[in-house]
Structure formats: C-alpha cells, structure tokens
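J.: Single-letter residue listing:
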Amino acid sequence: MKRLFLVLVIFISFPRSAVAFDLQSRLIEHTLSNGMKWLIVQRRTAPVFSGAVIVRVGGADETTGKTGLAHMFEHMAFKGSRLISKPNEVWEVMLRNGAVGLNAFTNKDMTVYHASLPANRFALWSFVASQMISDLTYRDFDIERSVVAEERRSSAENDPDGRLIEELLQTAYVDGVYRWSTIGLKEDIVGLTVDDARAFHRQHYGAANMIGVVVGDVDVSTVITNVEKHFGSIPAGSRTRNPLPGTTAGGIQRRVKINAEPAVIMAFHKPTYPDPRQAVFDVLTTLLCDGQSSRLVRRLVVEERLARDISCAEHFPGERLPNLFLVWIEPNHRKSMAAIEQIVTEELERLKHDPITDDELRTVVTKATSDLMYLLDDNMDLAVELGRYEAVAGGWRFLAQYPKRLQRVTAADLKKVSEPFFVDANRVIVERTR
Amino acid sequence: MKRYLLMTLIILIFAGPSYAGVSSPLPALEKTPLPSVEPPNIRAINLPQGLTCYLLIDRELPIAEITFLIRAGGINDPFPKRGLAAMTAELVLQGGTTSLSPDEVERQLDALGARLTVDVSREMTVANFKILSSKLDEGLHLFLDMLFSPRFSPDRLLVVQKKFLESLKREEDDPETLADTRFVQLVYGKESPWGWRADRHSLKRITRADMVAFHQRHFIPANMIVAASGDVTRKHLVDALTSWISKVSVVDPHPLTLPKVDLQFREQEQWIERPLTQSAIRLGHLGIARHNPDKFAVMVMNDILGGLPFKSRLMEDIRTERGLAYGISSDFTPGRDAGLFVVRVSTKSQSTREVIDLVRSHLRRLVETGDVTPEELAFAKRAELNRFIFSFDRPSKAVTQQALFHFYGYPDDYWETYRQGIQAVTIDDIRRVARTYIHPEGLSLVVVGKRNGQDD
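First to last, the sequence lines map onto chains A and B. For the first sequence, this note's numbering gives the first residue as 1, with consecutive numbering after it. For the second sequence, this note's numbering gives the first residue as 1001, with consecutive numbering after it.
Don't take each hint at face value.
On the chain B side, residues computed to face chain A include the following (Cβ under 8 Å) [claimed, not checked]:
hint, residue
1, SER1024
2, PRO1027
3, LEU1029
4, LEU1034
5, ASP1058
6, LEU1061
7, ARG1107
8, GLY1113
9, THR1117
10, LYS1311
11, GLU1316
12, THR1320
13, PHE1390
Restricting the straight-line Cα-Cα distance to at most 30 Å, the calculated cross-link-like pairs of lysine-lysine (DSSO-like) are [claimed, not checked]:
hint, chain 1, residue 1, chain 2, residue 2
14, A, LYS229, B, LYS1031
15, B, LYS1135, B, LYS1235
16, B, LYS1031, A, LYS37
17, A, LYS257, A, LYS335
18, A, LYS404, A, LYS416
19, A, LYS335, B, LYS1081
20, A, LYS66, A, LYS86
21, A, LYS186, B, LYS1450
22, A, LYS257, B, LYS1169
23, B, LYS1397, B, LYS1295
24, B, LYS1162, A, LYS335
25, B, LYS1260, B, LYS1190
26, B, LYS1163, A, LYS257
27, A, LYS352, A, LYS404
28, B, LYS1381, A, LYS86
29, B, LYS1247, B, LYS1235
30, A, LYS66, A, LYS257
31, A, LYS335, B, LYS1204
32, A, LYS416, A, LYS352
33, A, LYS404, B, LYS1135
34, B, LYS1031, B, LYS1381
35, B, LYS1169, B, LYS1204
36, B, LYS1190, B, LYS1204
37, B, LYS1135, B, LYS1081
38, B, LYS1450, A, LYS257
39, A, LYS37, A, LYS229
40, A, LYS257, B, LYS1162
None of these hints come from the bench; they were simulated from the model. The beta-carbon is built from N, C-alpha and C at its ideal position, and this holds for glycine as well.
Construct the entire structure; sequences and hints are all you get.
T.: Take a look at the structure:
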C-alpha cells in the first residue's frame, strides 16, 4: 500500500487527469519452449497480484456418455499432487499465505484456475498452480463425484433457470456437443472413472493448450524465471482441436412445464469468432438489452410493462463453435408470452429497415469503452478476461480493441446481419410455464 | 528370487518420476516474510449539514467511483408499508428528477457509459456510481440531481411496483434465497424490523406521497457518507457536493429507536415442502452486536468452524470426507443489536437428516469439549491476517471500507483495532466465546425440500 500513497502525494500536487490505460503497450507476452503462452500486466496499485491458468478444454471436448468429465478436473486439481499430498493441502498452503479468490471454473470452452496473493508469493503460486494442473493424484475421485452430483442438483436439477437452459440446448441442437450443459448428465457423472480422467488429461492438458496470465505487482523477470521453472517441464502436447458443430434445429417453439414463474428464451443460431459478424451481435446485446434506454428494455419493461427483466447474450453456450444469440425474458404476472414474443420480433424486424442511429451507436461504443476501463480496475477480472480472449476469442488484443471493433460496425452491417439471422427458420423459442 | 526383486525395482522406477528423494519446495517458497501492509490513511472531509466524505485519489485509470451510504433501510419502514425504503431507492434510480424526465435521465446515463446501482439492506441504502473521468462533470451533476431532487414519476411508480411484486414471487423459485429469507424471519420474528419482509399487501399500500416523505426525511446530508475514489480532484468533488447541499433545506436527522432484540435461544424448525431432489438447510440463531468486545474471538472461532474455504471443520468433514455437499459454510455476521449466526448447506433429500445431525454434533463438540488445537488457532489467525491486504487492495474498496467504519461508529483507525484484535485471540478465548455465543440446544432450523425424501 506504500505505493498507493506515493501516487496519491504526487498527483495531489499535479492535478492533471489520468490518460487511458493502454493495455497493448502494458502487456508483455512470453512463450515457454513447450508452447505455453504467458501474458503479464504489471501494475503497482497495491502489493498483490492475481494469477490464472486457462486450459483450452471444456464441456465441448467431451464425448457422449462421458459428459461432465472436463469439470471433474476443477475438483481434482484441489486434491493435490505427489508433492502437495495431505488432504486439502492446496487450500492450506494458499490460505496461510494470504490467498483470496482461490477457485476454478469450467465452461464449454475452457477450464480456469485462479487465485490472488500478496506480491511476494508469485513463486509459491506458480509452483502450486503448476502442480494442480500437471501432477494429479485423483485422490477421492468417488467422493468428489458425489460432490459434483450435489453441485448438479443445485445448478441444474432444482434451479428452474438451469432446467430451462437444458431444455433450450436439447431443442436447438439435434446432435453435437452443445446438447449437454458443462456440469454433465446425471447418468454420465456417476459412471466417470479415474481411467477416463487420465486419458482426458493426457489428451488435453498439454502446455500448448494452456495460457497463463498474471496481473499485478510483479516483476516481469521474476514471473518468467518462475514459470520457466514450474511450467516449463509440462509436456507440450497439442492444442485441442474444435469438435464439429452439431446439427442445428430451427423454426421450433416449445413449451415446458416446470413448477416456477414463467420465462421465455428466444434463441437464434449464429457464427462465432473470428467471423466479423460477431461484432454485430456484440453491438446488438448492448443496443437491445443493456440499460433502461436500450430498445427491448424500454419497450417491454418500461413502456408496455409486460416484463420484469430482459437480458441478451451474444455467444451462448460457448465461443469456440457457432452458437446462439439469446433474448431471455421474465414476464410480469399474467402477461401474455405471445405478446412479448411479438414485440421482440418487431424490434428485431426493425433492425432490417430502421437502422441504428448515430446516437445509439455512440452510446454502445461509450459503454464498451467505459466497461473495459472498469474491468481493468480489478486484477482478477482482467486476468480472466485476457485469458478467455487469448484462449477462445481471437487473442488478447481483441479485448484491448473491443471498443474500436464495435465502432466500426455500421447501420448497413446491422441490416445485412439481421436479414438472414432473425428469421423464424433460424429461431428456437422455449417457454417455461407451470 | 533375485530376478523378481530386480523386476519389482524396475517397475517402481518406471512407474513415474520418483519423488522419494525430492523434498517439497514449499518451505523455501514460504520463507520470505509477507510484505508488511499499512492501510491507506484516509481522513474524513467534513462538509456542511453533517455530510461526511472520504476521498482516495488514484490516477492509474481514467475512471471515478462514488458511493453514497445513506442511513435509510428496511428498519426504517413503517410496518404496514414494508418495502418503502427499497421502493424509494428504486424510484430515485428510475423516477426522473425535477428537471429531467425519467427517459431523459436514463438516456443520459446510458450515453455517458455510467454504471449506477442501488442496494437497500436493513440499515442502509448504498448507491454506487462509476464513470469515465472525462465525463465526471456531467455525470456527477446528474447523479446528485437524482439523489437530491428526484421526481418520483407516477408512471414509473407503476413500473417499479410491478417489478417488486414480480420479484417477490420469483424469490420462491430459488430454494437458496427462500431458505435465507425464511431463516431470518424465523430467528428474529416476522414483526421485528430485523426480520420482517415486504409482501404483496405492504407493497400495494405504498404511495408516491410515502416515498416523497421518506426521501425528505432520510436522504439528508447528515444521514449520508460519501466514498469517492479514482481520477477525481478534491476541489471538484467538494465543490459539487457543497453546491448541492446548499440547495437542500436543513432537516434534522431522526434517530431511530427500535425495540431491543429479545435474546432468546429456543429450538424451532420450519420445513418448506417442495418437490426438490436437494434440501436447502439453514441452521443457527441470533449472533452478536458489532461493538461486542468478543467480536474478534468469535470471528476466529467461526473461521475454524466453517468460515474459511475448505480448511474448516464443517467443510473438511461434510464435503471432503463424506461428499455430502457441494458447499457448506458458517457465518457469524455481527449486527447493530444482535447479528446472525447461520450454517448454510444443501444436500440431497436422503441425506438431509444426516447432515443436520452432523452440523449439530460439530456445534456441540465446539461448545462442550472446546477441543480447538493450537494448530487450528494459528492457522485461522494467519489466514485472516495474511489476506488483510485484500480488504483495501483497490482504492474503491479502501475508501468504501473507511466510510463503513464511520457508518458503524468505529474509529477511523479501525484496521489497527482489527489487526490487534485478531492477534490477541487465545484458545481460552475461543472456548469461552463458543460457550457464550453458540447454543446447540437453541437452534433454529429451516429446510426447503422434501420432508421425507427417499428417491434421488
């Protein structure tokens, strides 16, 4: 915190304004000889850092009958290695050294292991993190399967939104890896074995398939020395190849009975990065759903009072394969879903002939610029986003250039993309009713 | 014989890199002392009409963050109009200002790229505002306009009322939320300002006039603490605040007198029957006041019981050893009068009884045997103190903490009190506070799920 003080004192006497934080000039790349790439952003605000290891493997890399396997690694990583061998020793070591935000998550695209620690514990973190991903002992695999079954009961089985998502995926895809959610199917989870896990690890946990990110008060040379030492001996392996996209289904409207308040998801099939049309869907998420003045929130929540809440998502359920643009609506009491769907359809039709105004586009770009700056404020958030972009969304520079990319989108682009994509044949609707 | 021996040896060697001779590098990696940290010294700026402001300038990023803590929360609601504080705050957010229509305010906020949230809890309303510093002039003016001269547009009242009614119903869909709210009601009682909840009737009774009056009475400078950080200049901030305060008529704060919380600990349970495959369980009772001198000992005790992630008794037993839950934690949240002690866990229907019994036995063990080891104590203290830096590792966190200290009536150098408090905790303290503040025979239990769940 000493440094924070110094900054404070200096700037009080020079009351000029901060200039935009230039991520591109601040980020240092370093690739190990086994192919593992590291991204390092040094910032001295406080004597702490956040570290993340991103493995480019997720639910999309599983096979039928073995769903949920990618996510098991998140659990196994915390079971220790041969050198960190006592039960819960990973937690014990990290906590006694001041770690916060120690955790991992898995989605369709990737598995992310992360923590924040005091600045002079970089060597410790890099040792522990490397052990967690490279030298698994698979201790208590059976117990952990039960823990995952409990996790599934919370996030999917007994959560009305989780259930609706599973219905959506099964409706929108006839086959392929997007039919199941990352947590896996119940009947598959109980059948997973240590042998399955070992084979999966051999195939996907090679250095060429990993990215490391460090953000915070670290010296670049210390980072490089330590990651060479601890991650340098991980076998290179190969980059996981994307599975084939599944067969999509469209022109379907389904109603599912779930004992909960109603909800509607309208989903449209679409391409993903590096297709340039992705930028149009990024713009649409903000234009339609972000903020009270966005088009759909204004009409459905404020003017017509038909919905309590509405949100959009520009790449569901993953980013590595062609995916879905979602509009998710929570209707108000006794409001007709048909009326709501009609208005959403009208607004999407409007994009085809009544293009985005300059003011609207300016708002979208200002929001993207501001949100990027807010993101930079938190070491961990920044580390995870950089890792995500590097692993699955076109490279970390795409994050730095995000506002610029949106700025280049024109009214003509919006029209050109809306015309083929926002049509009934490309759409799936799932409705939840009691 | 010799040949067999040789083969065994070979198999061992090729079974993988042998770690027999390799000792763990951990001790060496932990040897250097952690950086010694001092929290930033943030002094209060006292403005007219009792407005207190804390400021931490930091120009690494071109953003500014301004948070208002306002002494207006659920405990200030009149009982028949429960939800008034929350609805007032939501209308401040979306009801426009005397000079700008709601649509115009929202259009400007969005065009500025600002992020504005309000959150209302029992004791306070927190309004958090983030913006690019290049747009701070305009943005701060708009934010203060919203806080100090809201319009409470009748059209928007209808929008907000619908939203609140709908949200109330949707809370029932999430077993975890439902268990939390019912537990608080059960422990404090439905008529206590610490336990009551808004319902359909109370929300429908709230009128525009109620909100105008509530705002006039509570959204006054003397009830507000400002926490500002980032790319801001002191003069700019102080001038903007002072100029707004000068337009507000002087209103004296009304200190709220509440009935004392009745410190009773009796066994009670509530099952909320739902056709679920997993039960959301809450077990606990009334906790301690935030000015209780035993607070730090209670914090460390709770860390040992279930406060720390994974390295706690409840987690190691119920998740790591038995695989009965995905998460389990205990919290001893101090309150103004009496806080809350709660163990939260979810488990499949069939193991519901088993998990409840296990939690109870851990509580009894802590109280009756007091078998806390020096290692457990040392570990919990070390984890608390070593992560201390993360309470103020960003300027916005540091300054908001400082504002909270003021709100709670803590000294400005509370971090020092905290550090010394944790350091001083002994095993005897843990035994004593366990006996004093945990009541294994007076637990409240809430379960959302199947009462006789058999099938999975």
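J.: Please write out, lowest number first, the hints stated earlier that are contradicted by the structure.
T.: 2, 9 and 37
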